[in-house]
Amino acid sequence: MNNSGNTLLAIIAGSAIGAALGILYAPDKGENTRKLIADQAAATRDNFTESAVDLKNRVASKMVDEKVTLDARVESLVSDLSYKTDDVISTLEKKLAELKMKNKKLQKTV
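When you number the sequence shown by this note's numbering, it's gap-free, plus one each residue, and the end is 116.
These are calculated hints, taken from the structure and not from any lab test. Quick caveat, the model's predicted, so the values are computed rather than measured. Quick reminder that beta carbons are idealized off the backbone N, C-alpha and C, glycines included. Warning: the hint list may mix true and false statements.
Beta-carbon label-pair distances, calculated as ranges [what the hints assert, rightly or not]: (1) Arg79 / Lys110: 44 to 50 Å; (2) Val84 / Ala16: 41 to 47 Å; (3) Leu83 / Asn53: 16 to 22 Å.
From just these sequences and the hints, can you work out the full model?
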């Protein structure tokens, strides 16, 4: 995204510099120069608008991709956690069974 911002800044700066140089070196009449300035401003506006739309679309696409990736990671994490929970429950059930057996032995000897 930083690269897109730099590209957009370069387009704007290039257009402004080009317009300024065109005005400084224009051997034309004032009316023609004003028309040229207006055309350059319109072209710069169009470039800016196009770049902004492109940047917005890329950001939106990246957000969708990241959401899909995040959803997959969360699903994987939940699945892993479920397996680990089953393992813990199984271990606790075994320990409980062992304790019950020990308790039965103690009850018989008393």
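Consistency of the hints with the structure:
Remark: the range hint 44 to 50 Å for Arg79 to Lys110 is upheld by a beta-carbon distance near 46 Å. Judged by the Cβ atoms, the range 41 to 47 Å given for Val84 and Ala16 holds: they are separated by roughly 45 Å. A beta carbon spacing of about 44 Å between Leu83 and Asn53 contradicts the range 16 to 22 Å that was offered as a hint.
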